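Undergrad: The sequence shown begins at 17 in my numbering and counts up by one.
Pair by pair, the computed Cβ-Cβ distance ranges are:
no. : residue 1 : residue 2 : range
1   : Ala25     : Ser53     : 15 to 23 Å
2   : Lys108    : Asn39     : 36 to 44 Å
3   : Asn186    : Gly102    : 17 to 25 Å
4   : Asn18     : Asp91     : 43 to 51 Å
Within a straight-line C-alpha distance of at most 25 Å, the following computed BS3-like cross-link-like pairs (lysine-lysine) qualify:
no. : residue 1 : residue 2
5   : Lys44     : Lys28
6   : Lys108    : Lys62
7   : Lys107    : Lys145
8   : Lys189    : Lys62
9   : Lys108    : Lys139
10  : Lys145    : Lys105
11  : Lys189    : Lys105
12  : Lys44     : Lys62
13  : Lys187    : Lys23
14  : Lys62     : Lys107
15  : Lys187    : Lys108
16  : Lys187    : Lys139
17  : Lys98     : Lys187
18  : Lys31     : Lys139
19  : Lys98     : Lys62
20  : Lys189    : Lys98
21  : Lys44     : Lys23
22  : Lys28     : Lys139
23  : Lys44     : Lys139
24  : Lys189    : Lys31
25  : Lys40     : Lys28
26  : Lys108    : Lys167
27  : Lys167    : Lys115
28  : Lys145    : Lys40
29  : Lys189    : Lys108
30  : Lys189    : Lys23
31  : Lys145    : Lys28
I should point out that these hints are in silico values taken from the structure, not numbers from a laboratory. Everything numeric in this text was worked out from a predicted model, so none of it was measured. Glycine is no exception: its CB is placed at the ideal position from the N, C-alpha and C atoms.
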Amino acid sequence: MNINWHKLAEIKELKPYFENDFNKFQEKIENYLIIWSEINSEDLDKLALLRALEVTNGCTQWAYRRGDQECLSIDQTRECMKLSMGSIKNKKILLKDGKVILFSSEMENLIQEGRELYISAFKENLPEKEEEFYALSTCQFLTYGQNRMDKSFDIIQDNYGHLFTDFFINKGKRYVQPYLDAI
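Between the sequences and the hints, there should be enough to build the whole structure, so can you do that?
TA: Below you can see the structure in the form of structure tokens.
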């Protein structure tokens, strides 16, 4: 994989970590890339879908918290959170056709590690965990790639478009795109 590290360093969420110590943050991402490069394609498809779901939900939650004009109702925002958080906690994604996407125990462990890192970073406000979270998150987007993320957002649109709306699904895509543009 050819990564444009300077392009990644321009992303708002990553900028402080690259500015603090470019090589150290790059190395953190590369260490995750070594681990994630061992994951098979089928598992990556499932993990990418879960990540796209998380990102889209995050967009709805932040819009509500900020009181954005486009924010969803409180009930719809809660439903988005329930879907996303339930998928993460239960390690399965329910689709509208009744299909259930399940994860292997190894992938469940990766999901749990990511969840715990997120909680440490953003709920317990530990700055070093926030940097670690963004290194992992960057690795995930780079590993999934454009095609897999596009497909994941299409699945979200097909299955949950009524809940998240086109606006927030597109907002999720725009959030991820700068990472994908670096590969």
